[in-house]
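In the order they appear, the protein sequences are chains B and V. For what it's worth, my numbering labels the leading residue of the first sequence as 1, then goes sequentially. For what it's worth, my numbering labels the leading residue of the second sequence as 1, then goes sequentially.
Among these hints, one or two may not hold up.
Said to hold, decoys possible - Just a sample of chain V residues kept apart from chain B, beta carbon distances all over 12 Å, derived:
1. 95
2. 101
3. 103
4. 173
5. 350
As the list claims (entries may be wrong) - Chain V side only, calculated, beta carbon under 8 Å to chain B, not exhaustive:
6. 167
7. 320
8. 322
9. 431
Don't read these hints as lab results, they were simulated from the structure. Bear in mind that the values here come from a model prediction, so they are computed numbers and not experimental data. Ideal Cβ positions, reconstructed from N, Cα and C, are used throughout, including at glycine.
In case you want the letters, here they are:
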Amino acid sequence: MIGYLVRRLAQLIPVLFVVSVVLFLLLRLLPGDPTTEILGQEASAADRAALRADLGLDTPLWRQFLDWIGGVLTGDLGRSWLTDEPVAGVIVDRLPATVELGLIALLLAVLIGIPAGVLAAVRRRTATDSALTGLGVLALSTPHFYLAALLILVFAIWLRVVPPSGYVPFTEDPAGNLVRMVLPAITVGSTVVAVVLRQTRGSLLAALGEDYIRTAEATGLRRRRIVTVYALRNALVPVVTVTALQIGALMSATVVTETIFTLPGMGTLIVNGIFSRDLPVVQGAVLVVVTFVLLVNLVTDLVYAWLDPRITY
Amino acid sequence: MPLLSVEHLTVTFNPDSRPVPAVTGVDLHVDAGETLAVVGESGSGKTVTALSVLGLTPRPPACRTTGTIRLGDTDLTSLDARGWRSVRGRRVAMVFQDPSTALNPLLTLGTQIADAIRAHEPVGRAAARERALAALELARLPQPGTRLEQYPHQLSGGMRQRAAIALALAAGPQLLIADEPTTALDVAVQAEILDMLDTLRRDLGMGLILITHDLGTVATHADRVAVMYAGRVVETGPTGQVLGDPRMPYTRALLAATPRLDAPARQRLVAIGGHPPDLAVAAPGCAFAPRCPVALDVCRDERPALRPHAPDQLAACHHPEAPLPGPVAAEHDPTSAGEPTGEPVAEFDEVVLHYPVRRGLLRRVVDRVRAVDGVSLRLWPGRTLALVGESGSGKTSLTRTLLRLERPTGGTVSYSGIDVTRPDREQLRRLQREVQVVFQNPYASLDPRMTVAQILAEPLRVHRLDASRTELVRLLEQVGLDAAALDRHPAAFSGGQRQRIAIARALGPRPRLIVCDEAVSALDVSIQAQVLNLLADLQREHDLSYLFITHDLAVVRSVAHDIAVMRHGRIVEHGPAERIYGSPTHEYTRLLLEMAPGHPTQAPSGRTAAWSR
């Protein structure tokens, strides 16, 4: 187990290296000149050249990459071209909002998606099942920006039960923070809830058709125990898989959602960074997100082993 | 009063749309301490009958159950959901066919068995575990204490079935239903499990319903037998009476079709032509009439009732005295008795196949699994070599080296002078054309989305051979099917028909050697006989060689020229079939022969006079 963990962590190194190279090169392929974004259209050629030299943009690409990756390895993500703040500090400021958003969305997925999926499976081919699966399809096919606008319109503008946008840190005002997080979390979580619901329903129905369920029935177990212990546990392995896959998708959903709700999170950081060609910030932020997603995958594999004794590492 | 009595049981699936009468008017009874065998082919309704005794047939409207089922003085058919739960496990328990799927893979044996107890009795966790331990001891699981914490995948097949039996016995049922409890197990383990069920039935005074398709098992383990066909009981009575003097032609045909160790070698089996009827199509008359060799007009128009013929023996036949055509006189083919001639088709020379076992941080090789450990064998033209062994003996691994699915660690595998491990382009094409395979499970080995025509044409196209419809029809006719099959999908065919399609596919590229990997194990007895006969005919016609992998010595009795018995990766005995069956020298071969179901010497006195007659 420990050996497996060490091996898996070691495997992250080449993956992260390739990601850094690709990330670095892709950002350099962006059209436009960073110095124009920073100094404005009217800046003189001399000022721009000075800034280029200052930012190290006059050196060859490989040199720039080595400078950056060398810094990353020593824990220095560089400084923002725009504000000269350390990138690491900026990320630390922006991380809490995104992590909170992701966690609430995930919580919704587990607390709503799994029970709803179980209900739909147990009440298969009834009105309940149709209603739940129908809602799932609706949630999956509604774009986030549309759902966000709709939620703001109904709950913030018509009903006035929550503010339409804005953010206060949880540490400063927990209640105020949660009230502002509800709509963004529903927006981001809607897809995950729907995916988890569909997967739970499908794999639970499959599990309920297995021979061991018939055995359990033949020993006189209660239906409730058969569904919740004998079948659901077997059905959860694929649910864990799709949930983990959704976490990657969740990151892209936060980009749109944070922008609409003006949350100061990683999503807005990356988008604004790209628009203003503040490449060190984008590189740092994306690298953190990628590392996070890779670690989530690793944790998923460990969860498999916990759920299914046949899987050993 | 019998422990269980079933009267006029009728189970209909989809009663409101497209009714399929799975079970029709079945009467059965079982006394305490008695074993009733229910015999029949797949689809005969034996499992559905058993499930209705537990109230586990699908709920209405998908299924309608009528008739009465009485257990002691309880009328089970009038029970509600709660009432049924109190019967299941507590009064009637069931052991299912495949122990690898019947136990929950994610829960320990202790949890599963304790759950079965706590479903019926208000006992605490600790007490339930004590009882679970006792149940495991009852099922004679070695080291029961450590088993409580184990998961099903940590046990061998035989031990899993013991655990499943422990689970069934945990709440102390009066009636145990065992549905093909040994079909999925190795021969030696089969005998142990059946003997254990016998002992448990006697010691606990339980009634036992043994569902099986194997008449050998019936002969040695049942007091009474009920033969089912197309959802009805067609013959019933004391085992000796029914097997010794069967009255219903179906029972007689089943007996004749069952491979027996004491039959003459390579004698054609008496196959039952055709296949069981489609239950959804209502037909008057006897359901067996279309396949019956002695059917008259009355059989097709009027359904015979179960009528007494001897004390306690009932049969549903209009003319139970009609003589049946006996076994066809032994058709020994001229080459069979002689020695192998010519050059060997294929040769295994000191073949070794080891799988590395890796452990630790750096995945270092710490050990080897010796799947095949120095095996030398030759396959001769026109002859069948049966490679016999239990699961894990290495017989399939060895074959995989010939099919290039596995590279031997040592030794050489050659096919007519070609080194199988490194053929050149030309040789590889020859190899791929001339060596074909028929797999065990015809439900898995045919692509469900391809039509039969596509399935048959594919290998022909690969080898640029004639894939015209005329050629495809010729292939189908060789295996007893016709042009009508071409545009249908595998789902439209029965298991036996599918295996014929698989054989037709193997015959397509005109092979010289066909590997049959448990090719008839999944088939019903009557169909098994058809397929075995077909293979023997094709061998004579085309001078084919067969490498026949099997765990059952009786099955290959009618086809094998030579036999190699394999164990732990080595050949323990090898020689002409006559000698191996007649005077086996290796202890393990003798054990396999003794353990084979229906072996005459295995019969406990009294039960099987008929079988060993």
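Structure-based check of all given hints:
no.: 1; hint: 95; result: violated (9 Å)
no.: 2; hint: 101; result: violated (4 Å)
no.: 3; hint: 103; result: violated (6 Å)
no.: 4; hint: 173; result: violated (10 Å)
no.: 5; hint: 350; result: holds (35 Å)
no.: 6; hint: 167; result: holds (6 Å)
no.: 7; hint: 320; result: violated (37 Å)
no.: 8; hint: 322; result: violated (41 Å)
no.: 9; hint: 431; result: violated (37 Å)
When the structure is compared with the earlier hints, violations turn up for hints 1, 2, 3, 4, 7, 8 and 9 and for no others.
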